[in-house]
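Enquirer: Chain by chain, the residues:
Number of protein chains: 2
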Amino acid sequence: MPTFTSLDVTDVRFPTSRSLDGSDAMNKDPDYSAAYLELRTSDGESGASLVFTIGRGNDVQGEAIRALSHHVIGRDVEEVLADIGRAGAAMIEDSQLRWLGPEKGVMQMAIGAVVNALWDLRCMREGKPLWLLLAELSPEELVDLVDFRYLEDALTREEALEILERALPGRAARIAQIQDRGYPAYTTTPGWLGYSDEKMERLLREARDQGFEMVKLKVGGDLADDLRRFEITRRILGEDFLVAADANQRWGVAEAVAAMEALAPAHPYWIEEPTSPDDVLAHAEIRRRISPIKVATGEHVHNRIMFKQLLQAGAVDVVQIDATRVGGVHENLAILLLAAKYGVPVCPHAGGVGLCEMVQHLSMLDFIAISGTMDDRRIEYVDHLHEHFVEPAIIQEGHYLAPQLPGAGARMLPASIETHRFPDGPVWKELTR
Amino acid sequence: MPTFTSLDVTDVRFPTSRSLDGSDAMNKDPDYSAAYLELRTSDGESGASLVFTIGRGNDVQGEAIRALSHHVIGRDVEEVLADIGRAGAAMIEDSQLRWLGPEKGVMQMAIGAVVNALWDLRCMREGKPLWLLLAELSPEELVDLVDFRYLEDALTREEALEILERALPGRAARIAQIQDRGYPAYTTTPGWLGYSDEKMERLLREARDQGFEMVKLKVGGDLADDLRRFEITRRILGEDFLVAADANQRWGVAEAVAAMEALAPAHPYWIEEPTSPDDVLAHAEIRRRISPIKVATGEHVHNRIMFKQLLQAGAVDVVQIDATRVGGVHENLAILLLAAKYGVPVCPHAGGVGLCEMVQHLSMLDFIAISGTMDDRRIEYVDHLHEHFVEPAIIQEGHYLAPQLPGAGARMLPASIETHRFPDGPVWKELTR
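Going down the list, the protein sequences come from chains A and B. Just so you know, the working numbering puts 184 at position 184 of the first sequence, and the rest follows in order with no gaps. Just so you know, the working numbering puts 739 at position 306 of the second sequence, and the rest follows in order with no gaps.
Next up, chain A with everything else stripped away, as it sits in the complex (with noise of 0.2 angstroms):
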């Protein structure tokens, strides 16, 4: 009987802050990195996944995953991807590590890349990708990998086994769908605030031409900055164009409703982040005053508990999932039932370091056996570091085309890795010299 005889994490780093890839108000100069691991069995086979950080921290997002060895070490493979749902709430529930959280930051970040690297394994064993192995689950194991403590005021089993038994008669035709056209797509590529007007108006052009129908702008750094770039981007793209807006948190209440009230004759589809992740209350009172702007959040929201609040304060129109900052498969997939439930589209956060390549098995699995329907639901995609996955994920006519490839996404090229490792790894020996 194969046992799990070792969880490897590496610190992966790419020196992105050189270039101002991914630079936002909050976040000037990320590098953007991988807190990656292989949980290794005695059969030589593995499960992949990472934590996306943006630099600094990622070896303590590192450790917080090393800390969770004694759960999957020396244990039976069979029995633990057998019941995953209940290895995820044997770490939720540690009795002492609960502490540092409960359910949030580093640790449930790290709870999330377990779990998900033993879906991966699984997938590797089953020979399917992940969006395809989750969507022919029945409404009933699909349910029972949900933790539905403190959801239950909002959600309870029964509902979410009805929502999933009412997509049930359609999945086989969806699942059809997403092999011949894949799920949409939004850019941000063009929209960072370290970008010259020049490489921003080319990106732009190039957004258009490859079919995306919306992209997205960082704003929340100078406000004639943003209004000058938002009208470079209707010049460009014209006046029906989809063009979000992404503050990062940038703003209380009084200055995100000033600030959009000085943007809305651009008229952004949403503004994203407008205030502190944490703020159910201020995001629904940001939300009734700048309608019908519509308010998004989640790339930073850090559990279900916190998504369910957001839903029942009507504080958001659409909900962002990251595939790498909740408690993993297992709490998304809670979300997208919660989400379903409220009738909110989710359209998840991507770019970073292999975030496109995960998350866009949780929106095919939506699609196919959730919510049904891909109706104001796109991926957001950032043309950055796909080169170093097994299977990059690939746009085609504005879509993410379905994964192929046996595993959950976030398995990285070896090569990849050794290059890139922190700090000794030749990239990082190079740049430091």
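In case anyone wonders, no lab produced these hints; they're calculated from the structure. Glycine is no exception: its CB is placed at the ideal position from the N, C-alpha and C atoms. Keep in mind that a hint or two might mislead.
Stretches of chain B that chain A covers, calculated by requiring three or more beta carbons in the stretch to come under 8 angstroms of a beta carbon on chain A [claimed, not checked]: (1) 479-488; (2) 559-569; (3) 703-716; (4) 733-741.
Based on these hints, arrange chain B on the given structure of chain A.
Expert: Just chain B now, with coordinates in the frame of chain A:
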């Protein structure tokens, strides 16, 4: 000019799980621990502080503290100490570490630890205990320590100043009162789930005889058990004694309401942590449905933005700050000001390792310079592990006596640190032999 030369972190753990001290419905086997730091200067001084954890993960917490080294090492001591507010803000705004929160979990606790160590050093240099040093700052100096980002829809800088100015006239008299009589305490020593009825009865009698006017019992394991323990408590302490209950996040809304309806005949004074600390809306709903039993929470509430919402939503009757959960003295000052604005009493969480020693300074500051009252306010006290501190908390007639030594309270005895160092100190070597 002295500079900061090192940030030394030690993993200190006490094997408390052997005696079931500290056992509750969610934390069954805590090994009370401290990620202990000393921030040293080139002229041989140091500021000490700690983050309390309950065992596993204390090493992760230590790594998080070390990750902040670049914010202090090499910097001019006088310059940093002259504006600790700025030093704290710079750590919160760290453009890469911010991704790991923002403002939550181990990173926020780490920032709090460094902030608190800077205050400890400043206290040592000025020869004052923290409560007195802070209580002698001007309203402007205090307000300058607060980060008002995300707070201004509830509390502006001007309103905070007004609160502090209103309390100016009586400061000297209240300092004298604190020096004379101290600050009221309540005790959780008798209430842990793991104790036998006999041990509990003995500890309840001792609590009353020591002059405490309130005790707290852990609940949320087995309801019949909770009822029996409340019955014993009422038999020993009478009907008028204040007896609070603490569920340690065990329930959802419906379970909390049902449990409190069952416990109502024993008239618990408050129910603490009835549900997830993240769930503002659930606390509000529970409070509405179990009135007049009060709702208390805070020891796991991760920042000022969450406390703000608990107050805005009318979700709590009692705010429970914790000395090491949030971003240190500065963020706790923001929370004290928010509570004063909303007229809600603050009854700090304490116990653990060093929490009593640290948090008493903040309640004393609240009395002297912020709320100006002790009505309905008591600091938790648990009779554990005080002997390891340079200045242990002292209780007399149910009151915390005012600390007299210079410092912020967290400084431990070198021998205690050495003996309990994990995993290689003698206590742990003996246990794992």
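Enquirer: Now, for every hint given, state plainly whether the structure supports it.
Expert: Hints and how they fare:
1. 479-488: Coverage by chain A holds for the segment 479-488 of chain B (3 residues, Cβ < 8 angstroms).
2. 559-569: violated (count 0)
3. 703-716: It holds: at least three residues are needed, and the segment 703-716 of chain B offers 8 whose Cβ sits within less than 8 angstroms of chain A.
4. 733-741: holds (count 6)
Checked against the numbered hints above, the structure violates only hint 2.
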